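> Protein chains in written order, with this note's numbering: chain D, 5 to 316; chain R, 712 to 979.
Because the hints were derived from the structure by calculation, they are not lab data.
Selected chain D positions facing chain R (in silico; Cβ < 8 Å):
#	residue
1	L33
2	L37
3	L205
4	R211
5	A215
6	P227
7	V230
What you are looking at is a predicted structure, and each value in this text was computed from that prediction instead of being measured. We treat Cβ as the ideally placed atom computed from N, Cα and C, and that holds for glycine.
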Amino acid sequence: MLDEAASLPAPAASAAPATRAADASGPGLDAELAGLDALDALGTRIGTRVPWPRRAWRATWPKLIAVGLILVIWEGAVRAHWKPFILQTPRTVAAQLGELLRTAVFWNEAWNTAQRALVGYALAVVIGTAVGTAVARIPMLRAGIGSLITGMQTMPSVLWFPLAYMVFGDSSSAIVLMMVLGAAPAVANGVISGIDQVPPLLVRAGRVLGARGWSLQRRVVLPAAVPTVLGGLKQAWAFAWHALMAGEFLIQVGGQVGLGGRADNALTQGYYATLVALMIVIVVIGIVVDMGFGRLDRAVRRRFGLLDTSRG
Amino acid sequence: MSLPEPVPSRVPPTDRPSRTPAPGVHLDGVGRRFGSGDTGVNALADISLTVAPGEFVCLVGASGCGKSTLLALVAGLDRPTVGTVEAGDGPVSMLFQEPALFPWLTVAANVELPLRLRGVGAVERRAVAADLLERVRLGGSGHKRPHELSGGMRQRVALARALAQDAGLLLMDEPFGALDAITRDLLHDELEQLWAERGFTVLFVTHNVREAARLGDRIVLLTSRPGRVAASYPVTLGRPRRIDSPEIADLAATVTDQLRSEVRRHAR
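Turn these sequences into a full structure, and let the hints guide you.
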């Protein structure tokens with residue numbers, strides 16, 4: 005076999021035929037690769053970009069119709085005298101909402117709520133990320149508390165109230181504890197599945213490039229997990245917000261009433277229009293935050309190339 | 712076996728800029744067994760192979776010849792069950808069939824990553840990455856994301872990233888296997904030029920016998936299950952070569968015949 009290979013007319017080959025013509029060397033290759041790159045690039049630029057006013061209108065009009073429909077049904081229910089004295093007309097509630105937004109007390113309460121939201125959510129994210137990373141990396145921990153985390157996630161946040169109340173009493177800390185217990189498991193689960201789903205090839209590539217231990221986690225594994233982790237963060241926000249509203253509703257912190265506490269007051273004092281106005285405020289906050297997460301999610305997906313950019 | 716006169720195949724070492732010296736690779740009686748007892752599998756058995764510093768060796772074999780296992784051993788990602796593997800003390804860089812670029816980093820940041828991991832400062836990092844991208848003719852693409860590039864461009868970024876490690880030994884695991892033929896031929900030229908400039912040692916795994924004849928100083932044919940060295944063919948054709956030249960075709964035919972007879976042994 006070896007003799008066959010060696011008996012090839014090698015010396016002759018080195019002269020003309022196997023050697024490329026001079027024009028195909030350096031600058032030739034330059035032009036060829038540049039040409040191929042240009043041809044390849046064509047495909048990525050195709051796609052029509054819709055001007056933003058039209059895009060905004062497309063996204064808005066179905067929402068307007070939905071809101072209109074709700075108002076019609078609501079007004080209809082009031083006129084049919086369903087639950088008289090309790091159910092107010094949309095007009096009354098709108099007036100009450102306008103009134104509410106003009107009072108300093110309301111903005112003070114909203115500020116109390118926002119502070120708790122930030123503190124509680126940030127704590128849940130920090131704790132959930134630490135626990136999630138540890139559980140994903142240490143098999144014994146996963147076997148021990150992996151299913152506990154999932155179990156905690158299915159627990160309705162209201163049920164954390166007795167525990168939080170026993171520990172911290174009537175205080176902001178109790179509300180924040182409810183939020184952390186409700187939201188941290190969702191963060192942890194997002195981190196765990198994010199790390200589990202990191203393509204092994206990327207981890208291998210990171211190792212080959214010289215990343216070991218913590219640098220491998222920080223430079224490769226955690227960034228690669230980001231799109232999935234973000235899903236967990238979004239879900240955790242929903243849990244944290246539920247827990248916050250329930251906590252404020254149930255726990256009256258002296259001098260530091262939040263939106264949930266105001267809703268409780270409105271209910272006990274029979275200000276039904278104020279109650280509905282507050283519910284509208286809470287729903288709008290939920291929608292705005294969700295839109296924020298949606299934008300973040302799209303930005304990350306675009307960066308990772310997981311989004312069809314031609315529809316951008 | 713009478714070898715024809717050796718043909719000077721690339722730039723002499725003195726013309727190269729000073730870099731990490733290219734190490735040789737020595738495998739001596741290497742075996743790798745996965746699992747234990749009756750269910751265990753011998754991926755590699757009794758592999759002895761010497762690659763000279765700066766040599767370009769292509770490993771060819773059918774499925775199950777343990778090529779990837781062999782590369783993992785040389786890269787130090789895995790240890791042999793028996794035998795010894797020596798591949799110098801310096802860093803080893805590796806290219807896979809997929810470019811394995813990090814999608815959250817720009818093209819330039821991908822190339823910078825091995826430098827960052829070595830603790831190189833930001834200014835120098837940027838300069839080196841820009842040079843390397845220029846070198847693989849992607850100077851204008853540093854700000855892009857990997858997904859915005861074609862397959863061939865991505866593999867060139869991966870090549871630049873591997874070069875940023877400044878390793879004397881480059882391991883390549885079917886790096887052009889997923890590319891179209893036109894792009895692949897151009898990347899052969901590109902790789903050959905880089906190798907001639909920098910003089911690193913290359914261990915190149917491929918299924919494609921012509922590709923091996925196009926690129927290698929030597930073709931090593933591996934058997935399958937377990938992987939052993941079946942034959943070794945020196946490639947004495949001058950460089951640069953053309954993959955469609957009759958000499959490459961002749962050599963490829965010889966190697967393919969032997970490869971097929973190896974494959975036939977497994978028909979039962």
